[in-house]
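Colleague: Chains as they are written, first to last, in this note's numbering: chain U, 1 to 357; chain Z, 358 to 714.
Don't read these hints as lab results, they were simulated from the structure.
Among the hints, erroneous ones may be present.
[To be verified] BS3-like cross-link-like pairs, simulated, lysine-lysine; straight-line CA separation at most 30 Å:
1. Z:574 with U:257
2. U:257 with Z:470
3. U:44 with U:183
4. U:325 with Z:614
5. Z:687 with U:257
6. U:247 with Z:687
7. U:165 with U:330
8. U:247 with Z:359
9. U:330 with Z:574
10. Z:607 with U:217
11. U:330 with Z:540
12. U:250 with Z:574
2 protein chains.
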Amino acid sequence: MKQLGLSVREDAVGNIFGRWVGSEAELGAVATGSHVDAIPFSGKYDGVVGVLGALEAISVLQRKTLLAWPACVIQVWFPAKKILGVCRFSYVHSLKMCSRLMAGSKELVQSLKRTVDNHNVSFVDAADSAGYKIHPDDLHNVFLNQDAYFAFIELHIEQGPILEKEGIPIGIVTAIAAPASIKVEFEGNGGHAGAVLMPARNDVGLAAAELALAVEKHVLESGSIDTVGTVDVRDVDEKRRNDVIEKVHKSAIDISKIRGVELSEFKIINQDPPALSDKSVINAMEFAAKQLSLEYKLMISRAYHDSLFMARISPMGMIFIPCYKGYSHKPEEYASPEDMANGVQMLALTMAKLSLE
Amino acid sequence: MKQLGLSVREDAVGNIFGRWVGSEAELGAVATGSHVDAIPFSGKYDGVVGVLGALEAISVLQRKTLLAWPACVIQVWFPAKKILGVCRFSYVHSLKMCSRLMAGSKELVQSLKRTVDNHNVSFVDAADSAGYKIHPDDLHNVFLNQDAYFAFIELHIEQGPILEKEGIPIGIVTAIAAPASIKVEFEGNGGHAGAVLMPARNDVGLAAAELALAVEKHVLESGSIDTVGTVDVRDVDEKRRNDVIEKVHKSAIDISKIRGVELSEFKIINQDPPALSDKSVINAMEFAAKQLSLEYKLMISRAYHDSLFMARISPMGMIFIPCYKGYSHKPEEYASPEDMANGVQMLALTMAKLSLE
């Protein structure tokens, strides 16, 4: 980032901000960024395309001297990988800790004060060991102001098969679905696989199997292609998603009664509302695609993203590029250099367009 | 065993035999024994009661000088725990490696030559590292002759709830059910939990959930209380058990078709026939119970035992004692000192009775 002449700032949890101050420093910045952490045994494009792509987009903009850019920020966050270890704290990637904090989540601050990893090490102690002297009260300093950004755009692989299948190089995201995640615990009695007669069994494995199938059933019954579910339930329609969660809860209760197992926990881990892209950002993305003669598709994101949280404090939009067979969160994840180049050009031109508004 | 004046022999895989030669050394021996290995995170009575109980029974017999015992053998096997690590090779406990080998299983000899643990270490190499110089061709030496024993009796906790529930101190086993175990592998495509639309998913987790529930369904449909199933299917009726396995196979094929996942493996791991206790051993056990004024119940064993394999080379019988709530294969496993003492007296008197026949 220093090669690009950006001024660099790191916040209390290791988020890194590079700011390129344009001709009108007092204007709200146009921001971009993504994450570099992912789930274990994952791929190398999820998030990373939007981080390296952001740096490349800034470089593109700096080489175009036709315009004096009024204002521009690039921001990048690393902490899961760099400080705390991938997935050591489940919310780092799964719950989008960094962007959720930036967006001012007081609940997350509270939970970070309490939460420990598998070895009973707290988040604050883990950060401390990694050289980050976080005082729990400093976590509020990660919050960004509501007017910090004029707009936020994220470049990302689609993580689904649609663009590749339809042969379209660019997806312009109009809405981001959000997952509702639940933690369910059944308790029964273990016993000998042969000696306990069938009527005397209260097998939590089978209770869990039934519940997994019930999740699928309730998701399919929603009647919408936009409802998906497995370890969590996602939808762009918040009410429809939460209805599914309620049905899953009812199923869990029924299963526990029928099988004589105890439903010892049914806890909603997170239930974030979906987010809509801002019309101004969508317009800028469409402008950019047309300028670049790139075919594009207006689409929703079924995966959720840091942009979901950035939308709480800024007008937001996302640019998708195709990825091989829609694979993500596994090593086969892949995006071609051509598609990444298209995405970077889209990002650069969208930022330019927004900077000039 | 040396304190008891037994002559001790150890075979190529670490089975330990203590022989007490009576007044008529040429007679076939009355044998007893059990195992000390078990599954991980298990209890301390499964098997061990029959090993320490056997030593105690010999001690009881030696203290009773009224009779000159014609012949008596105690045998004990340790290898899973002592040489190879509990469950390092799945067949050590789950497939009753030691007794299966003693009973002359040529299939097991072949499979031991090939099989490796999770770290790709072969059984022979693992035994070698533990100080047992096993040449694969020596495994045949573990086989016992068909006429080695006049009878074999095993004392064991019931591993089920019946004796405790009915307040009966002794179970006399008339038949041992045997499990049929299958290995099933589905293959599908991983993908993003949010981004892959429901119709495009081929989720092997849900295929496995459906199959687990299908096992339960087919077991219940057998209509017999003696049919049980979970990770394996067990029954005293071999045909009824194998019918369930066939139905499970058909379900696996159906599930793979409907869900678009590949059924890449459906392999029968073992499918041993059940075994009947020998009438002569049952008679001796009933005689002993009456002599000791212990109420007893004729029952079948739904758990399977080393005795299942000993029955291939010897008349066989088993003595059950109650255990707490029928718990087994978990730390809560427990048998009371009184029940164990009854079991040891039963074992001693049954051996005495058989020795005098």
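Colleague: Against each hint, give a clear statement of whether it holds in the structure.
Modeller: Evaluated hints:
1. A distance of roughly 18 Å separates the Cα atoms of residue 574 of chain Z and residue 257 of chain U; the hinted pair therefore holds under the 30 Å criterion.
2. At most 30 Å may separate the alpha-carbon atoms for a hinted pair to count; residue 257 of chain U and residue 470 of chain Z exceed this at roughly 48 Å.
3. Distance hint between residue 44 of chain U and residue 183 of chain U is fulfilled; the C-alpha atoms sit about 28 Å from each other, no more than 30 Å.
4. For the suggested pair residue 325 of chain U and residue 614 of chain Z, the alpha carbons sit about 21 Å apart, so the restraint of at most 30 Å is met.
5. About 24 Å separates the Cα atoms of residue 687 of chain Z and residue 257 of chain U, which keeps this hinted pair within 30 Å; it holds.
6. Pair hint residue 247 of chain U plus residue 687 of chain Z does not hold up; C-alpha atoms about 34 Å apart against a cutoff of 30 Å.
7. Between residue 165 of chain U and residue 330 of chain U, the direct Cα distance comes to roughly 19 Å. Compliance with the 30 Å bound is thereby established for this hinted pair.
8. Note on residue 247 of chain U and residue 359 of chain Z: the hinted pairing is violated, with a Cα-Cα distance of about 66 Å set against a maximum of 30 Å.
9. With a CA separation close to 34 Å, the supplied pair residue 330 of chain U and residue 574 of chain Z exceeds the 30 Å bound.
10. As the CA atoms of residue 607 of chain Z and residue 217 of chain U are separated by approximately 23 Å, the hinted pair is consistent with the 30 Å bound.
11. Between residue 330 of chain U and residue 540 of chain Z the CA atoms are separated by roughly 25 Å; this keeps the pair inside 30 Å, and the hint holds.
12. Of the pairs offered as hints, the one joining residue 250 of chain U and residue 574 of chain Z holds, with about 23 Å between alpha carbons and a cut-off of 30 Å not exceeded.
The structure does not agree with the numbered hints 2, 6, 8, 9 stated previously, though it agrees with the rest.
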